[in-house]
Structures are given as structure tokens and as C-alpha cells.
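In short: position in the sequence shown from 1, add 1, done, that's my numbering.
Derived from the structure by calculation, the hints contain no laboratory data. Here the structure is a predicted model, which means the values were calculated and not measured. Check each hint, because a few of them may be wrong.
Unchecked claim - Lysine-lysine pairs mimicking DSS-like chemistry, simulated, CA-CA at most 30 Å apart:
#1 LYS64 <-> LYS35
#2 LYS80 <-> LYS249
#3 LYS91 <-> LYS249
#4 LYS124 <-> LYS80
#5 LYS96 <-> LYS35
#6 LYS91 <-> LYS80
#7 LYS80 <-> LYS96
#8 LYS64 <-> LYS80
#9 LYS96 <-> LYS124
#10 LYS124 <-> LYS35
#11 LYS91 <-> LYS124
#12 LYS173 <-> LYS35
#13 LYS124 <-> LYS249
#14 LYS35 <-> LYS80
#15 LYS96 <-> LYS64
#16 LYS64 <-> LYS173
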Amino acid sequence: MSDARPTPEDLMGVLRGVIDPELGSNIVELGMAKSASVDDEGIARITIALTTSGCPLRAQIQKDVRARVLSLPGVERVKINWTELSQDEKAEVMKVARFNVSQNAPDTAVPSTTRCVLIASGKGGVGKSSVTANLAAALAIRGHRVGVLDADIWGYSIPRLLGVDGRLQGSKESGQIEPHVVSMGAGELEIVSMGFLVDSDDTALMWRGLMLNRAVQHFLQDVQWGDLDYLLIDMPPGTGDVQMGLAKMLPHAEMLVVTTPSTLAQTVAVRVANMGRNNYLRVVGVIENMSGFVDDSGRRHDVFGEGGGQALADQIDAPLIGQVPLDRSVVDGADSGTPAVLGPGPGADELRSIAEQIRTELIPPVDMSGCSTRIIDQAMANLAEMDAAESA
């Protein structure tokens with residue numbers, strides 16, 4: 002019996018086939034399989050640490066462990082010693098699980114070359130949606146094709162901010178949802194929002210986690226997005242189901258955090274940045290909105306306090322890329338559905354400056370000109386032109 006006994010390495014090998022149903026990774030990689038050995042009587046003794054002692058998935062894990070370990074020659078019985086992970090171990094387990102999710106994201110209809118930007122905030126009322134709409138418009142003016150996804154399912158406002166209405170339609174050819182397309186400057190906007198699927202602006206959506214995640218999944222997988230340079234996503238405030246679902250589906254997205262000068266807004270915005278980084282998203286920078294009001298005499302009034310944007314940037318080690326002042330033209334533009342960046346004003350100037358930083362420094366569009374596929378496509382196009390010219 003002793004010569005036929007599986008080694009601890011053999012046992013850990015088969016335990017790699019036991020997947021934690023909640024975390025989606027195997028219990029060895031997660032560090033939950035603490036030890037494994039087989040004694041002279043063929044009894045396999047396995048120690049497994051759970052995230053909580055009362056884990057409801059314990060029965061499923063136990064069943065899988067027994068089935069896999071008993072498949073090894075020389076194992077007669079399996080005894081499992083259950084224990085619980087320490088707080089540090091739990092943090093490490095979640096880190097591994099989130100990393101694995103980021104490497105195995107589901108397919109979406111968003112082109113692989115699109116730069117996805119999550120525009121987030123710690124709390125509502127900081128002007129995140131207004132910033133999203135104006136940055137999208139500013140990028141489109143410069144010739145980019147920009148998608149705008151209103152993921153604030155409960156508090157959708159992008160349709161009004163961009164002056165677009167009408168229900169979304171499905172493509173007869175592909176069966177996918179067609180976004181609303183708006184020409185703006187030298188570029189275009191492709192816009193999708195829950196606001197295009199409800200009967201009126203005052204419709205209240207009383208949805209919970211699974212329904213919210215499913216809606217966002219539809220917007221990413223079932224929309225006929227075009228060849229976008231950017232997809233700007235107006236996130237709900239906070240760190241709920243939608244935010245975590247988007248982080249899992251778009252693991253290579255970038256994040257901009259919007260706050261105001263107040264200490265309260267800065268404090269809660271830290272959580273959003275931490276949520277993003279815990280899901281391996283890159284926090285590109287901080288935008289301080291409602292930064293202050295300058296009256297006609299040139300005097301500055303810090304209506305909502307001061308320093309919150311820089312304090313947040315320092316705390317999360319990300320640059321403060323803009324401070325958008327209180328400006329009536331931004332408010333009027335939101336009410337009329339005409340983005341402020343289409344006209345003059347200090348707020349518009351700052352938003353255009355932020356957009357310019359995004360497109361030239363922080364998140365430049367993917368340049369496919371040197372890609373072998375593009376080179377081949379261009380060569381084939383040139384040959385076709387030559388053939389056509391010779392035939393003529």
C-alpha cells in the first residue's frame with residue numbers, strides 16, 4: 002500500500018480540478034487547500050479553509066473533493082478537516098479571484114481596439130453625467146467616433162444631456178440593438194441608455210442586482226457598436242452591482258473619478274478608486290467638478306469648499322487632470338441638450354482641455370496603422386485599384 006500511495010503533490014494536482022462555485026477559481030490556486038496527505042491505511046486527509054465557516058457552498062466543494070481524491074489509486078477514504086481563512090488570507094483569495102476574472106472576461110460587442118473609460122463617482126450629485134456627456138462631445142468634435150453608454154440604470158440622464166430621444170431599434174440583419182448615432186463636429190456619437198427603453202423620463206426602475214447586471218450585459222453584448230475610438234461609460238455612483246459587473250466585463254478599461262471640492266465627496270470617492278484597482282482597472286485621473294465660481298469682478302467663490310480634488314488625487318496616487326468651475330453655460334447646456342463644449346465659457350474650456358489630455362496623453366486612441374492586418378488590407382485594396390485601372 003505504501004508504494005502506491007499518492008504524494009501530496011498528486012493530491013494537490015487533482016484538487017486543482019475543484020472549483021469554488023462562487024469565486025470561479027480552483028481551491029489550490031485560491032489558497033483554500035491547506036494540506037493533503039495519504040496515510041498507510043489509504044485515508045486521504047485534506048485540510049480546506051473556507052472564506053466563512055458556514056459557507057453555503059461547502060457541500061458542493063466537499064462532494065467534488067471526495068470524487069476527485071477517491072479517483073486516485075491507493076486512496077480508500079477521504080477525511081476533510083474544515084477550517085476558516087484568516088482576514089489576510091481572505092483578502093489574498095479575493096485578489097487572486099479578481100485577477101482570474103480580469104483575465105477571462107466574457108466576449109462583448111465592443112471592438113477590441115476601443116478605449117473604454119469608466120467615469121465614476123463616490124456619490125451622486127457631483128456632475129459625473131454632465132462631465133461624461135461633455136467629454137464625449139469634446140472627443141467627437143476632434144474627429145473621434147465615441148460611444149456613450151449610460152450605465153446609471155436608475156438615474157439615466159445622458160439622453161437629456163445630449164439632446165437625444167426616441168426608442169432604440171433592432172437591426173434586421175444582425176438582430177442587435179442599434180445605438181442612436183449623432184454627428185458632432187468631425188466625429189460621431191453612438192449613444193445607448195435605459196432612457197431609450199422606457200416610456201417616459203419619469204419612469205421609475207425598481208430593479209435589483211441580477212436585473213441590473215443583465216441590463217448592462219445586454220448593452221455590452223447585444224448592441225451593434227461601430228468602430229469606436231472610445232466608449233465612455235457613465236457609471237452609477239458608488240460601488241454596487243453594476244460597477245462590479247462592468248469591471249468584470251471590461252477588465253482592460255480605464256477609470257476617471259469625478260469629485261467636488263468638498264471633503265465628503267473626496268472621502269467616498271476613494272472607495273470607487275479602490276474598487277477599480279481591486280479589479281485591476283487603471284485609475285487614470287481625478288476630475289474636480291464645481292471647482293469654484295468666478296464672478297464678473299474676477300473674485301473666486303469656493304461654494305462647495307476647496308481642495309477635495311487634489312486631496313483625492315494625492316490619496317489614490319493619481320493625477321488631478323482638471324478642475325471644472327461652476328459655469329452657467331454648463332448648466333444651460335445640460336438643460337437644453339447642447340453640450341457646453343460646443344460653445345464658449347470657462348467650464349467648456351476646462352472640459353475641452355481635459356478631453357485633449359485624454360486623447361493625446363492619458364488614453365490615446367489605438368493606432369492600427371502599423372498593424373499587420375491593416376497593412377495587408379491596404380495592400381489588397383491597392384492591388385484591387387491597380388486591377389481596376391488595368392481593366393479600364
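Now for the hints, and whether the structure bears them out:
no. : hint              : verdict
1   : LYS64 <-> LYS35   : holds, 17 Å
2   : LYS80 <-> LYS249  : violated, 36 Å
3   : LYS91 <-> LYS249  : holds, 19 Å
4   : LYS124 <-> LYS80  : violated, 49 Å
5   : LYS96 <-> LYS35   : holds, 18 Å
6   : LYS91 <-> LYS80   : holds, 24 Å
7   : LYS80 <-> LYS96   : holds, 29 Å
8   : LYS64 <-> LYS80   : holds, 12 Å
9   : LYS96 <-> LYS124  : holds, 25 Å
10  : LYS124 <-> LYS35  : violated, 41 Å
11  : LYS91 <-> LYS124  : holds, 28 Å
12  : LYS173 <-> LYS35  : violated, 55 Å
13  : LYS124 <-> LYS249 : holds, 21 Å
14  : LYS35 <-> LYS80   : holds, 14 Å
15  : LYS96 <-> LYS64   : holds, 26 Å
16  : LYS64 <-> LYS173  : violated, 47 Å
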